[in-house]
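Asks: Residue numbers (this note's numbering), protein chains in the order written: chain A, 97 to 209; chain B, 812 to 922.
Hints were generated in silico from the structure; no laboratory data involved.
It should be emphasised that the depicted structure is a prediction, and the values quoted were computed from it without experimental measurement.
Once the Cα atoms are required to be at most 20 Å apart in a straight line, the calculated SDA-like pairs of lysine to any residue come out as:
#: 1; chain 1: A; residue 1: K107; chain 2: B; residue 2: Q853
#: 2; chain 1: A; residue 1: K153; chain 2: B; residue 2: K909
#: 3; chain 1: A; residue 1: K149; chain 2: A; residue 2: K166
#: 4; chain 1: B; residue 1: K909; chain 2: A; residue 2: Q192
#: 5; chain 1: B; residue 1: K921; chain 2: B; residue 2: L824
#: 6; chain 1: B; residue 1: K909; chain 2: A; residue 2: V156
#: 7; chain 1: A; residue 1: K149; chain 2: B; residue 2: G908
#: 8; chain 1: A; residue 1: K153; chain 2: A; residue 2: T167
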Amino acid sequence: DAGITQSPRHKVTETGTPVTLRCHQTENHRYMYWYRQDPGHGLRLIHYSYGVKDTDKGEVSDGYSVSRSKTEDFLLTLESATSSQTSVYFCAISSQGTNSPLHFGNGTRLTVT
Amino acid sequence: GIQVEQSPPDLILQEGANSTLRCNFSDSVNNLQWFHQNPWGQLINLFYIPSGTKQNGRLSATTVATERYSLLYISSSQTTDSGVYFCAVKYGSGNTGKLIFGQGTTLQVKP
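From just these sequences and the hints, can you work out the full model?
Replies: Put into structure tokens, the structure is as follows:
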């Protein structure tokens with residue numbers, strides 16, 4: 097199994113609070129991704145990183161920011177959580193971006209009340 | 812944008828049966844991946860298959876990019892094969908092209 101750890105695994109937070117999710121990898125892969133999974137919408141890309149300090153937006157990036165200060169860590173921040181951001185969040189890694197297999201972490205279930 | 816359609820949406824099998832899942836896409840793609848999401852929510856990469864055929868145990872996949880489809884074959888199904896199967900296609904050039912996921916096929920294998 098690819099060495100990907102997401103934390104926390106579960107979180108409940110209140111509307112308006114900031115939340116940070118962490119993804120840590122031990123594979124030294126260059127590319128890291130944040131997806132959200134929702135019923136009826138499947139998996140959608142939020143943000144991705146193609147190197148330290150290099151990030152770009154995905155298809156559902158509004159309300160989210162990311163940071164990557166080290167190869168092994170990719171942080172996703174919800175600046176002011178809303179109920180529409182209740183979801184399961186997956187981190188993924190790959191060695192050569194979309195030209196190589198994508199491997200997922202176990203996910204973080206976030207509930208915004 | 813590119814459309815990815817998977818069929819059937821739901822499938823129920825008896826243990827030991829074979830099945831074929833299909834992934835159609837609306838435009839030329841550079842590569843395609845198949846994933847299995849087990850009942851506990853874990854997403855596992857099954858195949859990275861831009862074209863041709865690959866096999867891994869009881870599973871095999873074939874992608875015919877020129878005809879815009881891919882097939883995932885499951886032989887002698889087991890209850891542990893239950894879950895949702897997703898295909899994802901690469902849209903865009905270079906290493907930072909996007910992966911577009913289909914809506915999935917939900918498979919239930921009964922003992």
